[in-house]
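Given the structure of chain A, go ahead and fit chain B onto it with the hints provided.
2 protein chains.
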Amino acid sequence: MKRTFLEDDIAPLATGAWILGTGGGGSPYVSALNMRELCRSGHSVEVIDAGDLDDDDLVAVVSGMGAPLVGQERLRDPVLLGRAVTAMEDYLGQSFRAVMNLEIGGGNAFASFLAAAATGKPVVDADAMGRAYPEAQMTSFAIGGLTMYPLSLVDVRDNEVIVTKAASWKWMERISRRVCTEVGSTAATCKAPRTGREVRQWGIHGTVTQAIALGRAVQKARAAHADPIEAVLAHAGGVALFKGKVVDVDRVTSGGFLRGKAYVEGLGDDRGTRLEMGFQNEWAIAMRDGVAIGMTPDLLCLLDTVSGEAIGTETVRYGQRVNLIALPAPQILKTPAGLEAVGPRAFGYDLDYKSVFS
Amino acid sequence: MKRTFLEDDIAPLATGAWILGTGGGGSPYVSALNMRELCRSGHSVEVIDAGDLDDDDLVAVVSGMGAPLVGQERLRDPVLLGRAVTAMEDYLGQSFRAVMNLEIGGGNAFASFLAAAATGKPVVDADAMGRAYPEAQMTSFAIGGLTMYPLSLVDVRDNEVIVTKAASWKWMERISRRVCTEVGSTAATCKAPRTGREVRQWGIHGTVTQAIALGRAVQKARAAHADPIEAVLAHAGGVALFKGKVVDVDRVTSGGFLRGKAYVEGLGDDRGTRLEMGFQNEWAIAMRDGVAIGMTPDLLCLLDTVSGEAIGTETVRYGQRVNLIALPAPQILKTPAGLEAVGPRAFGYDLDYKSVFS
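Here the protein sequences come in this chain order: A and B. Just so it is clear: in the first sequence, position 114 is 114 by my numbering, and no numbers are missing. In my numbering, each residue carries its 1-based index in the second sequence increased by 1000.
Hint data in this document are derived by calculation from the structure and do not stem from the laboratory. Virtual Cβ for every residue (Gly too), placed ideally from N, Cα, C. Hints should not be assumed to be uniformly reliable.
Residues from chain B shown here face chain A by an in silico Cβ test under 7 Å; the list is partial [unchecked claim]: (1) A1166; (2) I1175; (3) E1182; (4) S1185; (5) L1241; (6) K1245.
Have a look at the derived ranges for each label pair, beta carbon to beta carbon [said to hold, decoys possible]: (7) A:T147 <-> B:S1044: 33 to 41 Å; (8) B:R1317 <-> A:L69: 40 to 48 Å; (9) A:A234 <-> B:K1170: 34 to 42 Å; (10) A:Q72 <-> B:E1309: 50 to 58 Å.
One chain only, chain A, in its complex shape (with noise of 0.2 Å):
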């Protein structure tokens, strides 16, 4: 089924984007800026569905890579998605059907429209967290076991890397993110490109339309002035995990990665207990007196109580009123392979997974 993406759609997907985006991913926000300048200026882009591919068409993946500070600096481009995009079709002698997000998380969300808009071709509304994660090998396509080869890397200056093979997952995250780092922290990749019958088989299904449909409860609730975090929860189907103030974060960037902790000290029913945080971009865990009560794949989602809005690891602040939520983790990332990539052990926490939902 194809549809068109409006510009009344741009405000929920980045809410909803936001949300998913599980503390990382940089703020959709500021991508919002220049697809509403694209939108306003005649681009149209049509949505389609994995099912809509065939087996043979090409699918090109898109995200912008870097640190997210200097990604609220320097607006994710769509000229430079775009020529990520060409770059690979050049590479490949072929042209590619569509895009598709590598995450919907974040300000990733935007990724895809944003090449479209600058090459014409369709969005696969589907991508491959279904969530943020920090690092290349986190995606429902590694777990799936496909070749993370070839990558385009372009940045503002022209210049241009193709990694054609890679040894491991982990030493295409490490060589990427190196040429990432060195061209200034900011570049537009297009990762291995996939074939409609990977898209449909590995993907990770209606995430564009989940995000911008969760986008639009959040909108509509706080238009009936009821609680935009009940409405998350009705939504979603997601859990209320706890309640309280921010105290206190320790926060470093290491790595090219911001990892640290948050504290919350509880509100309401969860006065007298105590909320610890960890996160490496995306929130991994939340510990509450000690005990975990949240973990990875499973989304945990920290929400400014009064609107809601997803609050990010790189913006969470002292004296933030902020509601931990869960909403339930795509099932491919909880399989046996998915928690090798994702579960908690992927971030250094030596647990076993135990969902909030079963």
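For chain B alone, kept in the frame of chain A given last:
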């Protein structure tokens, strides 16, 4: 004219290339070991002249890249260099007619021979420096304004990167250096492919033959118990600049380069004076009592007083008896564009180039 490179040519090539390396490029003796194995196992390499190339022949310009000390532990590897060449052929969809050295100075003198043995292609008797230099933009091809991309880089783990575009020679250097560092500071590269016409116009010709002949002159002098340094001067038209004893070395590895100064106290006619030699991988400048007596692009060669063996910037040490000599630079390095790329100011010395030979 075509001739065969023989096992007997290996030792003279190593000795000659080490002198032409002007302190850098890494010792060629370790690369010579792999070349000897290849010769003994029946590999034979043909050497052709640049004049033998057709206008549209494609030539692969190969070199090992990385930190000299890592290159002492992991010998330049024919399989790896061959993979850099075939990776580029795969990318181009075209075959190379021949391979050539990026730099004749130091260990990279053997890069083309190792790649030739691996791929069955002949070696062009030419290079792009006539010596060794530390950075990508310091070549006759860069001085000629030729394109700097694409470049292929492969490592021992099956990682393979193509820099398909670069905004400048400096950017090519920065990006490829970063990837090289990430994969362990040792990699094989195939630089931007050159046509036969480009090699004829912008290559520095005959440098393989020159290096072998220079090495033979040293060997012959040693065998005759004559002064090998006199032999180098006579053979290559050089000038003796200083004689003394190394009294101090101030050396630091920074930004992927070996930088520093070596201090030599005069002996014989130079007694009572002091020499200070500045280097960035290669010897760049020589000051006697504060006055420049030799500078890049003239080749500054520090040779062991007794053996005539070259002394590298990474091996120079207290107590060595040394002779500093200068050999003439290839003409192209002395043009205005050449001096901009490799003159004293390119190494941070605010001096006009004054040749020992003018």
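Look at the Cβ atoms of Q72 of chain A and E1309 of chain B and judge whether their distance stays inside 50 to 58 Å. Cβ of Q72 of chain A to Cβ of E1309 of chain B: about 57 Å, so the range 50 to 58 Å holds.
Go ahead and decide if the range 33 to 41 Å is satisfied by the Cβ distance of T147 of chain A to S1044 of chain B. 38 Å, holds
With a cut-off of 7 Å on the beta carbons, see whether I1175 of chain B makes it to chain A. Holds: closest Cβ of chain A sits about 6 Å from I1175 of chain B, inside 7 Å.
Is the interface hint satisfied for K1245 of chain B? The criterion is a beta-carbon contact with chain A at less than 7 Å. Violated, because the Cβ-Cβ distance from K1245 of chain B to chain A comes to roughly 42 Å (cut-off 7 Å).
Under 7 Å, Cβ to Cβ, is where E1182 of chain B needs to be relative to chain A, so tell me if that hint holds or is violated. 4 Å, holds
Does the beta carbon distance between A234 of chain A and K1170 of chain B stay inside 34 to 42 Å, or does it fall outside? Taking Cβ atoms as reference, A234 of chain A and K1170 of chain B lie about 56 Å apart, which means the hint is violated.
Is the interface hint for L1241 of chain B satisfied, with its Cβ closer than 7 Å to some Cβ of chain A? 39 Å, violated
Grab the minimum C-beta distance from A1166 of chain B to chain A and call the hint holds if it beats 7 Å, violated otherwise. With Cβ-Cβ at 5 Å, under 7 Å, it holds.
Between the beta carbons of R1317 of chain B and L69 of chain A, is the distance compatible with 40 to 48 Å? 46 Å, holds
Let me know if the C-beta of S1185 of chain B comes in closer than 7 Å to any C-beta of chain A, holds or violated. Violated, because the Cβ-Cβ distance from S1185 of chain B to chain A comes to roughly 12 Å (cut-off 7 Å).
Violated hints, listed in ascending order, are 4, 5, 6 and 9; each of the other numbered hints is respected by the structure.
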